[in-house]
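For the protein sequence lines, the chains are Y and U, in the order given. Numbering follows the numbering used here, in which position 218 of the first sequence is assigned residue number 211; successive positions increment by one, without gaps. Numbering follows the numbering used here, in which position 168 of the second sequence is assigned residue number 169; successive positions increment by one, without gaps.
Careful: at least some of the hints might be erroneous.
The calculated DSS-like cross-link candidates involving lysine-lysine, where the alpha carbons are at most 30 angstroms apart (straight line), are [claimed, not checked]:
hint, chain 1, residue 1, chain 2, residue 2
1, U, Lys155, U, Lys205
2, Y, Lys133, U, Lys205
3, Y, Lys160, U, Lys41
4, Y, Lys133, U, Lys85
5, U, Lys98, Y, Lys175
If you are wondering where the hints come from, they were derived from the structure by calculation, not from laboratory data.
Letter by letter, the chains look like this.
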Amino acid sequence: MVEDFIPPPGEGYCFILTFEYTLPYSEHPRRGKESAEQRLTSGVGARVAPPQRESARGLLGFVVRARVCSLAGPAQTASDSAGKVAGACGTRGVGPGAGPGQGWGRARAAGLLPLLLGQLLALTGGGGAFYLEVSELEEKCFIQEIPDGTVVIGNYKTELYDPAMEKYQPSPQWINLFVFVKDPENKNLLARQYGPRGSFTFTSQSPGEHQICLHLESIRFALFYDGKLAIHLDMQLGEHTNDYTELAANDKLTLLHLRIQQLVEQVEKIQKEQEYQRWREERFRQTSESTNQRVLWWFILQTFILVATGIWQMQHLKSFFKAKKLV
Amino acid sequence: MGSVASRSARALPLMLLLLLLQAERPRGAELTFELPDNAKQCFHEDVEQGVKFSLDYQVITGGHYDVDCYVEDPLGNTIYRETKKQYDSFTHQAEVKGVYQFCFSNEFSTFSHKTVYFDFQVGDEPPILPDMGNRVTALTQMESTCVTIHEALKTVIDSQTHYRLREAQDRARAEDLNSRVSYWSVGETIALFVVSFSQVLLLKSFFTEKRPVSRMVHS
């Protein structure tokens, strides 16, 4: 269950931060969860979802949704939570303090704050990216061709056209965005309803073309005039660690270190794309070979059918003419 | 908790600096979407004055792999218009601040819907640390090498994207061919049977018509 936040007008913004934690299997998941709940609920008022799934290495991961508010908003500081957080969705990794008896060790509030403000920028700074005009219930679909295990984060903001002021104003709360994500096998990865602004995220399970469809719906009041709506959309693939400042501040890296780090990330991105390319090429080759096979078999079959039909025709006509006493 | 407070205090000025640089933050979006036949899809972007933006687009599937594209500035002037292009790249320096609009149109096609990929970049890439723009000293050799490698890797990533699009195009065509071969084979087999049966029936009918005629003559 995710709590929808309502940003107070003119004041700060509150976000839902979603990050994953893994604990070693030796630490009992329930015990770990209990201690997490105790610590987190006392601090920030977050909710801990039950353990979601097991990762391949046998670590139990669970998703924490913490409500964290920015500086200008209600006075609540970031949660004290261990675990590595990178990007809005978080990577899976053993927390710095994880281990028997340490569980929820060091706080990473300083790590969360730049993330927060990054989100703040993404949502307020000029819309973040381009926008497209839609009318209510009009579905817009986008295709993303991604390898498996990629995290896709879509930051969006919706606006309603105000004919009196002749410009777009932020949408009221009763306009919701419906997001449907289908994976290459037409399985639903995500089918959810979101508020007028925020972000949606999903992880691809299989490589290929994913279809992301959005449409807006007003859930309470009808749009009286032919309302024009605008969706500002910004989709990011993978975990964008653009917060080099955070790295610099926390790990005390020099500028050269940061540059090399950036290069390393770029190379990793290229590597991942090349692996995906190898999978795609294999699929292409399978399709071509299947076409080749099909053409071969059908050719043989059709020649056979042709000959057989010809023989049948001859025999049938011969017997027919014999019966007619013409032959 | 004390260490947390000090850490957040340290991160704060950097964050404020980042906030201040908000106006120059580069934005970019690459998306693939489907354009139904006789449809037009427009995207809008708010651009500051003097900022350079670029638009790359490519048609991945559909028909003759071509699409119309035009870009309009906030005053309504068309700064770029091309018809029936398969792929193109367009850069422009924004003279007017406001909302720029770029549209893809498939209105000339009656039954083929297209899949279009576009990549819209606004602004330049920022330095990795906000205060790097104020450097007065020249870059060291190591740093300039890093910059060169970074630019080269960006080119590699770009060409990987284009390669991926081309491959998607070819794969779509190959899969289309595969399914067409199946349908055509089944259709041809059916046609073969139909033709051979009707040939026989027709021939038989030539030789059976005479009987009713001869009967009528006799009576």
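Hinted pair lysine 133 of chain Y and lysine 85 of chain U, Cα distance within 30 angstroms: Holds, because 23 angstroms separates the two Cα atoms, which is no more than 30 angstroms.
Agreement of lysine 133 of chain Y and lysine 205 of chain U with the hint, judged by alpha carbon distance not exceeding 30 angstroms: Measuring from Cα to Cα gives roughly 60 angstroms; hence the hint is violated.
Restraint status (C-alpha distance of lysine 160 of chain Y to lysine 41 of chain U at most 30 angstroms): Answer holds: lysine 160 of chain Y to lysine 41 of chain U is near 22 angstroms, not above 30 angstroms.
Satisfaction of hint between lysine 205 of chain U and lysine 155 of chain U, Cα-Cα up to 30 angstroms: 75 angstroms, violated
Straight-line alpha-carbon gap lysine 98 of chain U to lysine 175 of chain Y, limit 30 angstroms: Status violated; Cα separation ~38 angstroms.
Of the numbered hints listed earlier, those contradicted by the structure are 1, 2, 5.
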